[in-house]
Amino acid sequence: MGITKKMAIGYMLPGYVIIIFIFAYPIIILFRDAFFNRVDNILTFVGLQNFKGLLADPIFYISLRNNFIFLIIVPIIVIISLVIAVLLYEGLFGWKVYRVIIFLPYILAIPVVSIIFIYTLAGNGPINDILINKLGIISKPILFFSSTKIAIWTLIGVIIWKEIGLGIVLFLARLMTVDEQLFEAAEIDGANWFHKFIHITIPQLKTIIEFYTLFTIITVFCWVFNYVFSSTNGGPGNSTYILELYIYKIAFRYNIPNVASCAAILLLVFVSFIIFIQFRVQRRFGVD
Amino acid sequence: MIKKIYKRKRVNRFIIKKSIDKSFRQIVFLFISLIFIFPMFFMFSNSLKTEDEFLNNKFSIPFSPTFRNYVTAFTKGGAYFIEWFRNTIIIAIIATVITVIFAILIGYIFSQIKFKFSTGLLNLTVSLMVVPPIIMIIPLFKTMSALKMVNTLYGVILIYIGIMLPFSIYVLTSFFRTIDREMIEAALIDGCSRHSVLFRIILPISKPSIITVFVVNSLFCWNELLIAMVFLKSTSSKTLMSAITIFRNRYMTDIPITMAGLSMMTIPMVILYFLGTRFFIKGLTSGALKG
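Those protein sequence lines, which keep their order, are chains V and W.
Residue numbering for the first sequence is 0 to 287, as defined by numbering that gives the first Met the number 0.
Residue numbering for the second sequence is 0 to 290, as defined by numbering that gives the first Met the number 0.
Hints may be right or wrong, so weigh each one.
Partner residues aside, some chain W positions facing chain V, computed with beta carbon under 8 Å [claimed, not checked]: (1) Phe-41; (2) Ala-102; (3) Ile-112; (4) Phe-114; (5) Leu-127; (6) Val-129; (7) Leu-164; (8) Phe-166; (9) Leu-224; (10) Tyr-272.
What the hints contain is simulated information worked out from the structure, not anything from laboratory work.
Owing to the predicted nature of the structure, the values given are computational and were not obtained by experimental measurement.
The beta-carbon is built from N, C-alpha and C at its ideal position, and this holds for glycine as well.
Assemble the whole structure, with the sequences as input and the hints as a guide.
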């Protein structure tokens, strides 16, 4: 009556054929393209030559730097979402409505979000209009997307705005399962909000905080193509290039797939590194 | 006695302090909500205005709402809007349904038996969840070109299925594992086959997680940009997101029409989310929130 080998294979094969075709096969080809060049239809081993080409490109360094700048998002988003989740948990009038509102950006499409922000944050757009004419805080418009210094920070703001909903919802859901008496007991003992936050909330939510932190690291390091492509597209003056966009442009605009493959391998190494940490830190992640 | 009075006083002061605290928090949250809702409000309210009304007042609610922008965007939006809409729906439905079916089959096996390397295989599969598509896209493009699948919806559907499977397998396997084993064994003793255990027992119980996977995957397909952009090059084969630049450039100056187009790209997913929201959080957190 057990599940026979034949049945197990039959059930798993269709899905895994696709997974191998979409993940395993391309990754093998990626390594081949990084180390071999095709000359007159013959593959020749070129060693690290393609990597040297990559390292000689200043835009590659800008991209890499920006990827690391984006990591600033991680602590900000984790702390803010945790605080908001706790405030909602403590029973605010209408907290369910707030939860829906805060989660809404998460389901919007990134290109749609980008276009709305491009209009609202334009030099002559409504936000600058409020700041200059209605509130009088500034005299010159802030060039949110068209200043080489500010554009990357605008992107960071947009990413936080869009991604924070998931953190709040996850933390809130986990808080609901924490024994309420823990908080009540602490309150009777005279613990203030901050004490409760440090000594009860964080230890109780440790697992989910770790999970969400690593999830956010991966999101902001290698899943931000859509944000950058649909708003600044690397500009102004290459100041907002990131690795994903760099790979895309090198491969499909400048048609140097071998060098792009090298950059893709670097990104893959980073992803693997994070996954490795994930398994070390938290054995529970894989449904073991 | 004295102790009791003292305690009551302390409690009173506590309550007053709490109510001040509460109104302050309410104000903070109203402000936070404003930040979160403003861009969406900007999109929906301006999509219902005429261009004149928009230029005069960008922030208010529309005083004489009109759906004309929607009609214009839908029928004339780059002349292809209807096709983009159709392509997106076809891709989202087919890819999501196939993904869910394959993931259910795989999750069922993972949740019921252990075989050599089963834990390793599952962990490896789950970790594929975080590999960004940009890594696979260069080799895939060559392969798809060789197979003549560029500019076809099938090519994109196939890639989406592959990308969505790891997450779906993860959520479904962890949910299937929470199902009471005794119930399955009782059914087996009653003469239920291994196949019908899946359909008669596991699937009905797993409704929240299956709906979650449906919603998350539909959102992914609907909102995906990179793959659609690389693999769908001809104008008529594009999806809404990959055609958004064409659409925007056409109505660059007429913001209400642009906003009407963006609203139409957003509304189906907002509806889907609200339909599934009851199950959504429950299904998503059953796996990630253990312990």
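Next item on the list: If any of the earlier hints don't hold here, list their numbers in rising order.
Entry: 8
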